[in-house]
Amino acid sequence: MSLLRRIVDDAVDPGYAQATTSVRRRGSPRSRRGTLALTLLLLGALLTATVIQVRLGASGVERARTELLKRVEAATAATDRLAEGLDETRQSVQQLRASALDATDEGRRVNEVLASLGVVAGVTEVQGPGVTVTLDDGPPSRTKPGEPDLARVLDRDVQQAVNGLFAAGAEVVSVNGQRITTLSPIRSAGGAVLVGYRPLTPPYTVTALGDPRRLAAAFTEGPDGRALLALAQTYGIGFDVQTSDQLEVPAVDSVTLRYAEPERDS
Amino acid sequence: MIAVLGLIAGIVLGLVLQPTIPLWMQPYLPIAVVAALDAVFGAFRAYLDGTFDERVFVISFIGNVLVAALVVFLGDQLGVGSQLSTGVVVVLSIRIFVNAAAIRRHLFHA
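In the order they appear, the protein sequences are chains G and S.
Numbered as in my numbering, the first sequence ends at 669 without a single skipped number.
Numbered as in my numbering, the second sequence ends at 162 without a single skipped number.
No wet-lab data here; the hints were simulated from the structure.
Keep in mind that this is a model prediction, so the values were computed, not measured.
Glycine included, each C-beta is placed from N, C-alpha and C at the ideal position.
Hints are not guaranteed to be accurate.
Claimed, not checked - So, partial list: chain G residues that the calculated Cβ filter (under 7 Å) puts toward chain S:
hint, residue
1, G418
2, R435
3, L443
4, T451
5, Q456
Claimed, not checked - Covered stretches of chain S (in silico footprint by chain G; criterion: 3 or more residues with CB under 8 Å from a CB of chain G, positions within the stretch not fixed):
hint, region
6, 55 to 61
7, 77 to 84
8, 110 to 120
9, 146 to 153
Please build the complete structure, drawing on both the sequences and the hints.
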């Protein structure tokens, strides 16, 4: 308690009492008043600066967010442009290679092998008849905040559609224009579904090329198609299978050549 | 009179310039303001008591602000920053209350 009493009793700086008892007063009255005004000027500036700063705090976070969003959008647009350029360059390279190889018998054989391998590896654009499977988020199921939304399409639902289509005999598959190869991951990060490290937004359109009727039948009657149908009926996820005579599947964005190396005895 | 003019000039200056406070200083600013307010209330009470001295005021003002910020800074380094700033605010606000009550008695004799 003595601590509190000390605070209350010494509320006024004891320096004031001492200053009045000591006779010496330094400086002219004018300069003393000047320092007083300067100190109060400092106080006013400090006060307003703090109030402004605290008020800006909340809107500052918001501004930083929109700024970041703008940068993300700009970077995505730049990536799209570059991918387009890459596509064109790759097509001209393929044409040049094909015409160069066409000159010899040996080259023609290589060309055929390359064409069939290119489809599997995903380096060539493919078009033809096929099936599109559309998955979409259903109306939000959550009634309380914090509850997981069960009508959301998850990465594993997209995986199931892709796997089911391959199992049903699809030759090439893409999701929202992203070609699926043996090296394409389908996963989620922060609620978004990522295909080949690109975040996608619903609806997710899985395009598969192959015999449309057989593909559609084998997929919807297969285990993956049935599981997705059950999801649609239980949670209200949008699920639709359509056949088409003319579909297009783009090539992959980037191809990395990998070489196997023999293990060396050291 | 000149003191009030200085205060108004400071507020206007802050509003016009809108200085951006460096990020590392931001946690200590509110504490510094509370300390400054404590010094001002003490000075006003001393003024009404007739014991006001400019030199004491200026030194107590600057000292208060620096020490309050330093205490919170030390607390931050030791991991007890929020507790220490609570302590500083409690002590300073008790003093502000006591001084405000004394000023009230002086002005209204009640």
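Verification of the hints:
no.: 1; hint: G418; verdict: 4 Å, holds
no.: 2; hint: R435; verdict: 4 Å, holds
no.: 3; hint: L443; verdict: 4 Å, holds
no.: 4; hint: T451; verdict: 3 Å, holds
no.: 5; hint: Q456; verdict: 5 Å, holds
no.: 6; hint: 55 to 61; verdict: holds (count 7)
no.: 7; hint: 77 to 84; verdict: holds (count 4)
no.: 8; hint: 110 to 120; verdict: holds (count 6)
no.: 9; hint: 146 to 153; verdict: holds (count 4)
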